[in-house]
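Start from the sequences and build out the full structure, keeping to the hints where you can.
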Amino acid sequence: MSGREAFQPQRAAEIIAAGAHREGPLLPILHALQEAFGRVPEAAIPMVAEALNLSRAEVHGVVSFYHDFRREPAGRHVLKLCRAEACQSRGGEARAAEAQIALGVGWGATSADGAVTLQPVYCLGLCAVAPAAMIDDQPVGRLDRSRLASLLDAARGDA
Amino acid sequence: MTDVRLFVPRDAGALAVGADEVAAALRAGLAKRGIAGEIVRTGSRGLYWLEPMVEVATAAGRIAYGPTTPADVEALLDAGLLSGAAHPLRLGRPEDMPFLKRQTRLTFARCGIIDPLSLADYGASGGWRGLERAVAMTGLDVVETVVRSGLRGRGGAGFPTGVKWRTALQAPGARKFIVCNADEGDSGTFADRMLMEGDPFVLIEGMAIAAIAVGASKGFVYIRSEYPHAIETMRQAIDVARRAGYLGAGIAGSPHAFDLELRVGAGAYVCGEETALLDSIEGRRGQVRAKPPLPAHHGLFGQPTVINNVLSLAAVPFILAEGAAAYADFGVGKSRGTMPIQLAGNVRHGGLFETAFGVTLGELVDDIGGGTASGRPVRAVQVGGPLGAYFPRALFDTPFDYEAFAARDGLVGHGGIVVFDDTVDMARQARFAMEFCAVESCGKCTPCRIGSTRGTEVIDRIIRGEGDRAAHLALIADLCETLKFGSLCALGGFTPYPVMSAIRHFPEDFAAVPARAVGAGTP
Chain A
11 MSGREAFQPQ RAAEIIAAGA HREGPLLPIL HALQEAFGRV PEAAIPMVAE ALNLSRAEVH
71 GVVSFYHDFR REPAGRHVLK LCRAEACQSR GGEARAAEAQ IALGVGWGAT SADGAVTLQP
131 VYCLGLCAVA PAAMIDDQPV GRLDRSRLAS LLDAARGDA
Chain B
44 MTDVRLFVPR DAGALAVGAD EVAAALRAGL AKRGIAGEIV RTGSRGLYWL EPMVEVATAA
104 GRIAYGPTTP ADVEALLDAG LLSGAAHPLR LGRPEDMPFL KRQTRLTFAR CGIIDPLSLA
164 DYGASGGWRG LERAVAMTGL DVVETVVRSG LRGRGGAGFP TGVKWRTALQ APGARKFIVC
224 NADEGDSGTF ADRMLMEGDP FVLIEGMAIA AIAVGASKGF VYIRSEYPHA IETMRQAIDV
284 ARRAGYLGAG IAGSPHAFDL ELRVGAGAYV CGEETALLDS IEGRRGQVRA KPPLPAHHGL
344 FGQPTVINNV LSLAAVPFIL AEGAAAYADF GVGKSRGTMP IQLAGNVRHG GLFETAFGVT
404 LGELVDDIGG GTASGRPVRA VQVGGPLGAY FPRALFDTPF DYEAFAARDG LVGHGGIVVF
464 DDTVDMARQA RFAMEFCAVE SCGKCTPCRI GSTRGTEVID RIIRGEGDRA AHLALIADLC
524 ETLKFGSLCA LGGFTPYPVM SAIRHFPEDF AAVPARAVGA GTP
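Chains as they are written, first to last, in this note's numbering: chain A, 11 to 169; chain B, 44 to 566.
No lab work stands behind these hints, which were simulated from the structure alone.
Keep in mind that the hints are not guaranteed to be accurate.
These stretches of chain A come out as covered by chain B in the derived footprint (C-beta under 8 Å, 3 or more residues) [said to hold, decoys possible]:
no.: 1; region: 22-35
no.: 2; region: 74-86
Taking lysine to any residue and the SDA-like style, the derived pairs with C-alpha atoms no more than 25 Å apart in a straight line are [as the list claims (entries may be wrong)]:
no.: 3; chain 1: B; residue 1: 144; chain 2: B; residue 2: 405
no.: 4; chain 1: B; residue 1: 487; chain 2: A; residue 2: 79
no.: 5; chain 1: B; residue 1: 487; chain 2: A; residue 2: 71
no.: 6; chain 1: B; residue 1: 144; chain 2: B; residue 2: 410
no.: 7; chain 1: B; residue 1: 487; chain 2: A; residue 2: 112
no.: 8; chain 1: B; residue 1: 527; chain 2: B; residue 2: 305
no.: 9; chain 1: B; residue 1: 487; chain 2: A; residue 2: 31
Even glycine gets a Cβ: it sits at the ideal position worked out from N, Cα and C.
Structure below.
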């Protein structure tokens, strides 16, 4: 799980300084910011731009290009459901519909209780045990209706 | 009892079906019986329908049991699992099982057998021999060995690996780079993930050999963020290799300096395209670059760069250790060596099947794969990921070979085969291909950025039965021509493959009243 520290400019500056020496430092820094704060905080963007001698627009362009970078923190758990072909062939779309109904949200949204963010993913490399999902960093294969229901129950019970 | 050794995979595909829980149950069962045993966590052998597959070392070799659950463990131990005794889940020696016996495992020779992070295991199973040969050769000799092996890019494009290396060797540059493309985003493919989790040193060795060949001092492994287990294993393997002197100053006792850095992607499919990947490492939006200049001339940070797929680089240690001819002896025509093929989706025997080129699609799907997991008839297979063509049964005589697939308007791609049963709706699959292109387009080329969205809308009209069907289909064909010839990279350029193959081979699904009931395949 990503962290959920409140944004602190000092902490962000440390993270940026720690990554700035690398060749091509921007993506590793954005990943590290998200790891600490659960998102890429808006306030960190000008700091990154200044440290790397980029424009804010360039940094913003990168943050918005990649699906992984969040502007808002996720729920306590992130459920990634695979929507790609191999999982489609084994009923993945049925699982997707069940998850949306159970959580009462669409793709990319967080359930009202703040427990689960539902994210689409296009392939987890678990195509021989499809349909597949990942809850936080834990892979789940052969996802049937009851397994999905118990995953969601566990995630929502864990307040 | 002494020297009990059990093997349980830590591959993400095995973890996804309970391998950790089985390992914990085994540990508890051993403790309860007062037996001191070692549980080695390996990669996967790639027989996923049998995962979690547990193996035990016996005097007669390793004996496998699977698929296991934690609830089976007590009964297995009582039955004599530790001596390889009979039990309904007993599978025998893995190497005698038909699915493995029929394979030619060159790249995946160690995967599922060794402890992925054990240098001792790697060295004892022939590891580093290719690198040791390479450090005693000139860069040009290494390059020409790879040229003679006939190895072609396993990422999908099939460009001769050695020729790419020769270009980078000859290119002048202050620094040179080796980049491993581990952004395996194609649905139905998982060979890169399996290899990085099951035998990471072979990839490091392949990259070190490439560095010697072209004179590179730095390498990057770019792994997609959807693969946290592969990332963690590679990260540890790079540290272990560096401490042992296989990376850093003077690799393997030679004067060559080469170090590796791991980079994590951020959920953009298009970064699997090599020039977009280079932009991503540099810290930019993953947008495709126009070629020329080739990355071999002007690649990462403007320097000569070899960028290869995981499987291409991992094939190289064998080629150096055993010689170019030993690799080129396998295969057919211009497709030399072996291809790690991945059987996926609605297939009974899903997993990794490494074999010489030339096996037919029908053998792979019906014979080796055992047909569908649902037990219903196979209707279509998609080969080569989301940009690959759908094949009907009528084309199951196609041999697995780059040219044979191209001749039938398809592609081998990264070797993934996704099987669908007769509940598949091919109009929906065609729509998905367009939608996927729209979601993942980097936005640089208008046909890809806009055409995919318009294509999705037109297929929606066909599915809803609105307007003039023939005109819609003509428009799709026209749009696909524009995508094919007006896009810089394979995302826009190849999206027409799944779309047009679905229309060509399954026209009944695009008819006014679809010939079949519409429904998603459910297990």
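* Compare the distance between the alpha carbons of residue 487(B) and residue 71(A) with 25 Å, and conclude whether the hinted pair is satisfied. => Distance of about 14 Å is within 25 Å: holds.
* To do: For the pair supplied as a hint, residue 527(B) and residue 305(B), confirm whether the alpha-carbon distance does not exceed 25 Å.
  => 33 Å, violated
* 25 Å limit on alpha-carbon distance, applied to hinted pair residue 487(B) and residue 112(A) -> 38 Å, violated
* If you look at each residue in the region 22-35 of chain A, do at least three have a Cβ nearer than 8 Å to any Cβ of chain B? -> Holds, because 4 residues of the region 22-35 of chain A bring their Cβ atoms closer than 8 Å to Cβ atoms of chain B.
* Are the Cα atoms of residue 487(B) and residue 31(A) separated by 25 Å or less? -> Violated - the C-alpha atoms of residue 31(A) and residue 487(B) are around 30 Å apart, more than 25 Å.
* To do: Below or equal to 25 Å on CA atoms is what counts here, so check residue 487(B) against residue 79(A).
  => 21 Å, holds
* Asked: Within the assertion that chain B covers the region 74-86 of chain A, do at least three residues meet a Cβ-to-Cβ distance smaller than 8 Å?
  -> holds (count 5)
* Asked: Does residue 144(B) pair with residue 410(B) here, judged by a C-alpha cut-off of 25 Å?
  -> 14 Å, holds
* Quick one, are residue 144(B) and residue 405(B) close enough, alpha carbons at most 25 Å? -> 19 Å, holds
When held up to the earlier numbered hints, the structure conflicts with 7, 8, 9 and fits the remainder.
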